[in-house]
Amino acid sequence: MPEITYLEALREGLREEMRRDERVFILGEDVGTYGGAFKVTEGFIEEFGKNRIVDTPIAEAAIVGAAAGAAHMGLRPVAEMQFIDFISCAYDMLTNYVATARYRAGLPTPMVVRGPCGGYVRGGPFHSQNPEAAFLHTPGLKIVCPATARDAKGLIKAAIRDDDPVLYFEHKYLYRRIKETLPEDEDIVTPIGKARIAREGRDLSIITWSAMVWKALEAAERLEREDGVSVEVLDLRTLLPMDDEAILATVRKTNKVLIAHEDTRTGGVAGEITARINERAFEWLDGPVLRVTAADVPLPYAPTLEDYVLPQTEDLVQVARKLAAY
Amino acid sequence: MPEITYLEALREGLREEMRRDERVFILGEDVGTYGGAFKVTEGFIEEFGKNRIVDTPIAEAAIVGAAAGAAHMGLRPVAEMQFIDFISCAYDMLTNYVATARYRAGLPTPMVVRGPCGGYVRGGPFHSQNPEAAFLHTPGLKIVCPATARDAKGLIKAAIRDDDPVLYFEHKYLYRRIKETLPEDEDIVTPIGKARIAREGRDLSIITWSAMVWKALEAAERLEREDGVSVEVLDLRTLLPMDDEAILATVRKTNKVLIAHEDTRTGGVAGEITARINERAFEWLDGPVLRVTAADVPLPYAPTLEDYVLPQTEDLVQVARKLAAY
Amino acid sequence: MTSRAASVAAASPPIPAGLRREQLVELYYWLRLTRTLEEKLTNLYRQGKVIGGLFRSLGQEADSVGSAYALRPADFLSPLIRNLGSMLVKGAEPLQIVRQYMAKAESPTRGRELNIHFGDLEKGYVGQISHLGDMVPVMAGIALSFKMRKEPRVCLVYVGDGATSTGAFHEGINFAAVQRLPMVIIVENNGWAYSTRTEQQTAVKQLVDKAKGYGIPGERVDGNDVLVVYEVTKRAVEKARAGGGVTLLELMTYRRKGHAEHDAQGYQPKEEIARWEANDPIDRYDRQLDETGWVTREERAAVRARIETEVDAVIAQAENEPFPEPETALDGVYAHPARIEPLWYRHA
Amino acid sequence: MTSRAASVAAASPPIPAGLRREQLVELYYWLRLTRTLEEKLTNLYRQGKVIGGLFRSLGQEADSVGSAYALRPADFLSPLIRNLGSMLVKGAEPLQIVRQYMAKAESPTRGRELNIHFGDLEKGYVGQISHLGDMVPVMAGIALSFKMRKEPRVCLVYVGDGATSTGAFHEGINFAAVQRLPMVIIVENNGWAYSTRTEQQTAVKQLVDKAKGYGIPGERVDGNDVLVVYEVTKRAVEKARAGGGVTLLELMTYRRKGHAEHDAQGYQPKEEIARWEANDPIDRYDRQLDETGWVTREERAAVRARIETEVDAVIAQAENEPFPEPETALDGVYAHPARIEPLWYRHA
Ligand SMILES: Cc1ncc(C[n+]2csc(CCOP(=O)(O)OP(=O)(O)O)c2C)c(N)n1
Ligand SMILES: Cc1ncc(C[n+]2csc(CCOP(=O)(O)OP(=O)(O)O)c2C)c(N)n1
Ligand SMILES: [Mg+2]
Ligand SMILES: [Mg+2]
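Chains as they are written, first to last, in this note's numbering: chain A, 1 to 326; chain B, 1001 to 1326; chain C, 2001 to 2348; chain D, 3001 to 3348.
Derived by calculation from the structure, the hints in this document are not laboratory data. Note that the Cβ used here is the ideal one computed from N, Cα and C, for glycine as well. Watch out, some of these pointers could steer you wrong.
25 Å max Cα-Cα, derived DSS-like pairs, lysine-lysine [said to hold, decoys possible]:
1. D/K3147 to B/K1050
2. D/K3123 to C/K2205
3. C/K2234 to C/K2123
Beyond 12 Å from chain D on every Cβ pair, some chain B residues (computed) [unchecked claim]:
4. E1022
5. T1033
6. K1039
7. R1052
8. D1055
9. C1089
10. R1102
11. D1162
12. Y1175
13. R1176
14. R1177
15. E1180
16. A1249
17. P1303
18. Q1312
The shape of chain A in the complex, shown without the other chains:
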């Protein structure tokens, strides 16, 4: 069994679901002959044909709206946003139409909207975004953010099988940097709504997701090595619905929490997690819940600026030290 990348794992997951279930189809910009801007659907049009791999005009609202209509009729669309930054053009369609369809009209809307998110790639303000906070606040949607190749595959398969609309945010920095050997015989499905302990620890918890998981693991190793501090890393994997049990468990275990996300700080997802911990495990806290995030600016392009704005492993180490010493 060869190692496969995060991107290949995602592609495998998509392909397996399309083979398993003929109701699944893909639509988006350049997903057909070209196989997508990042080649996620490379080879798909050859295998599944034009009828199930639909190249669309540049129209995100139409892509998402059409996916919803097809989903109402029993199909299982997977809509690709060429870069996740363009999901903003479908914001109305997602939050007002898709998210409310079941609640207001009993309309089944099993669909996935996926695309490359995230920075550290010199993509500038419009090719580096992390839109999870923009949708966390929308009842009716589910949001998943894989950090590993296994979850890239397991979560896309789970998302496609889920009966609710799921936003699947894949991190483009991980596409080809993360490799893993996955059993070919196993039907890998990562349950939506379940977090994963990426590293066991006793003294302090870092709660995070997506590419930040890897920085958290780096930081944890350094803290173990240099400070003898034992850090637990919780990879949320799903942001909506949030795995409160896993969050509370790690809080009760280490009593100190650092929440890390790549996205900007104010109004980011860390706020919601802090509130939940505060409400349900206040007595368990031996220190404030601290956040490591991007600075509150549009993500700049120049390496010096991007590196300064985005959270780095060093930041996690610094803040974790403060918290450990608290």
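Could you slot chains B, C and D with the ligands onto chain A? The hints should help.
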């Protein structure tokens, strides 16, 4: 000096700014001859003419985008969303174009986007929204939410004079229900970024904004009367940038905080406030920061359902009692 | 009377558009039912029994009814607020409409949505949302599913003159045109978008010209002639069914009431309203039936009487029904979990 | 040589479009500068000195240069990714372009934005964002300000064939058409939107037909003939200036390189590319100048030599410049505060 309503105060503020500064103009759907769906701009086209009161097609992205372009050229546009729920159609334009214009390209973009928000009016899922959480997370925007007639006037004037793009969310439940006598000679300008203590208290703080301020005051009176608990009510008025000083001051004073907002819970603004308190005043807390919010569902239409989903004074009283007893 | 009617019938000209006599009666029924239902809802509104706003299609009934009547049961449509008639034709029941307006527990959306914002996947109509234009991409997706599965089914989408200004309309119709989906777009041109005249929405002389910008055929017809509307829609629908792609139809009509009941419509010239009142689609159909004798006065009187009792009964029933149970507000946000947890302080 | 050139010049046909000879030289300069700059940027890209992606307008230079040349200094334009030429004509300096691609501290956006995403309100061009279509409403707003202030100024907006599918394009052009704003929309039809052919973007046979859907005039011309592009744009611009409203121009050209340098463009037929290579706008202009003798070979050689040294100097300068200081990332999110607080743990 006669009493004027919240809506009239807003109208006065708009009119005064248009008289004071000829760069100010208004654009939106039915804002001209009709004077707007809620008559906020009634009489304006007669006074200021077609050139400064622009009736637009039904196209929120174009309204906001055109406002930005005009703002770059030194004008001061005030764009009306007929119901704030439709601001979602301009989400991309606001978050990607408007909010980043100064940062990425040094483009001055002094503009206001305003419209009626909020529930308790049997408006159903698409005429009752509170979009502050959707934009809190966008560096480059400012967000104001007046609760009183005085601030309805003072904040629209401040928003128009501000050199940054400001979202002004006016609560339609307050339009004609709130009255106040405002001095006609005074140039009322409410500074953006400054909260207001709506009621002094010692035992517990309710941090809130917009229509919830009035429920908080009701709850405070009941708690005073029935429990002898002295509640401080902090009306944030501006959500972005947030008045950290005022928030920390009330926390240090009462050591117990309840955050109340009308919007749904998960991913709502309360999370961010909780995180800030947690980070900067953890030692000052004698109990968990608790949230009173709407339930995580699209807002339903039927009175029984809407009343159940939205936060009520009774909820504030219940939760405040728990917190006081903590 | 009967004898005279009979003799007229004998001399009747042939019925157009391949319609049968019973179908003419059905069309009459749908037209009248739409109007009567709205009139009685207006009374309820005045009595404060309608919770939200009330939207009328007075004078526009023919375009909704005639076009929807051109569909087969397996076809789909998405109405906007002034297309009550199209929903009735497609199987929505007066009882559902009244319950929905009154926010009753038994309403099709269980009190979650207002006015005619509801749908039925069995009967083939989709519940609209308020955001104008959004239904066009959604219906394109339904049409896409028909095409993918090679089902001989068609989507009919209604938009107003004002809704054509939205980005969603553009993205949806363009998507459908490129994919040659089995879809018919009806632009219901009633002269006004709230207080805004069509000239303030678009610079085109006639909205049918928008078809040219999408590379699809378009037709513009009298929306107040129910048989013409039926005929032109039927043609477009069958063309779409045969794989002929998207057609845009502009139906000319007029909004005789305000945007909603609260709107005093002061901006609409009295004469303009009067002129269109003289062009009322139901009166015209009545006259047509008088002249042709296709359907006798007696028959039509019977239809009206039937509707009266039907609607009154429905209202009587709905009025005494309860609002939904509060906790049901927590159901159905997701398929899983089927009910979300109540807020902790609501347990108490 | 010189004598022959001179004698040709003597027999030269009249220069079209009311252009003067020096202007023909200028046009040649802008065309050559665009291409040379991009070619040298490509080398830098291959050396890894360009931080982000590199987008080429090879074979499309004439439509950007010819159209922008029709503007007055006070007019505005908004370029897209392949309209480098239009920015140069409007006053953007090669040094700015190189700095921007290399993310230097002195770049027009101080390293915040990439490639040609920048603008200059003094010179009259606006920095685009990536989200296609969004610039159309923004430019409509700028044109609205001209109209409100009764300034005789015009906006020129570039969109690609693919960008016409976006909702923002639709809302913006419709808004401008209704308001009869002084605006010209150039649809740069280069046959491809990334890997997508125009037939997959729209069902119209020619994009100029979109004008009909907005009630505005449209024209479709050869985008690889710089003088034709100038002439038709000039006409539309002056019409707009005179209060004649919006015009849509479809300029036919072809994207000879991939979407960006990383794109192997395997989906583009070799013959298609070859055919358009034979139709290269600069070669054509060269031939035209050869035949007419309007500008001698010597003069053109001198122009090219000037450009060589100019661009090389610029690159030499930019290469040694530093990246921006990290903390500058905190400046200018707002007018007030001018700099946001650093994150507390970054103080240390
Ligand atoms: C995106 C959006 N913007 C604004 C509104 C508010 N609104 C509701 S109906 C309406 C006018 C619609 O006019 P038209 O499309 O002609 O339909 P008609 O009312 O004439 O049937 C407006 C502006 C909306 N529903 N959606
Ligand atoms: C709203 C939006 N969706 C998707 C993209 C990704 N994207 C960037 S360029 C491009 C193709 C543009 O084609 P066209 O408009 O024809 O311009 P060209 O590249 O041919 O000059 C796409 C899909 C984008 N920038 N914006
Ligand atoms: Mg209308
Ligand atoms: Mg193109």
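Hint-by-hint comparison with the structure:
1. D/K3147 to B/K1050: OK: D/K3147 and B/K1050 at ~12 Å, within 25 Å.
2. D/K3123 to C/K2205: At roughly 37 Å apart (the allowed maximum being 25 Å), C/K2205 and D/K3123 break the hint.
3. C/K2234 to C/K2123: holds (19 Å)
4. E1022: violated (10 Å)
5. T1033: holds (15 Å)
6. K1039: holds (24 Å)
7. R1052: violated (8 Å)
8. D1055: violated (9 Å)
9. C1089: Check fails; 8 Å does not lie beyond 12 Å.
10. R1102: violated (6 Å)
11. D1162: B/D1162 is in fact no farther than 12 Å from some Cβ atom of chain D, at 8 Å.
12. Y1175: About 28 Å separates B/Y1175 from the closest Cβ of chain D, which puts it past 12 Å; holds.
13. R1176: holds (32 Å)
14. R1177: Since the minimum Cβ distance to chain D is about 33 Å, B/R1177 lies beyond 12 Å and the statement holds.
15. E1180: holds (28 Å)
16. A1249: Non-interface label stands for B/A1249: nearest chain D Cβ at 18 Å, farther than 12 Å.
17. P1303: holds (36 Å)
18. Q1312: Check passes; 37 Å lies beyond 12 Å.
Going through the hint list in order, the structure does not satisfy hints 2, 4, 7, 8, 9, 10, 11.
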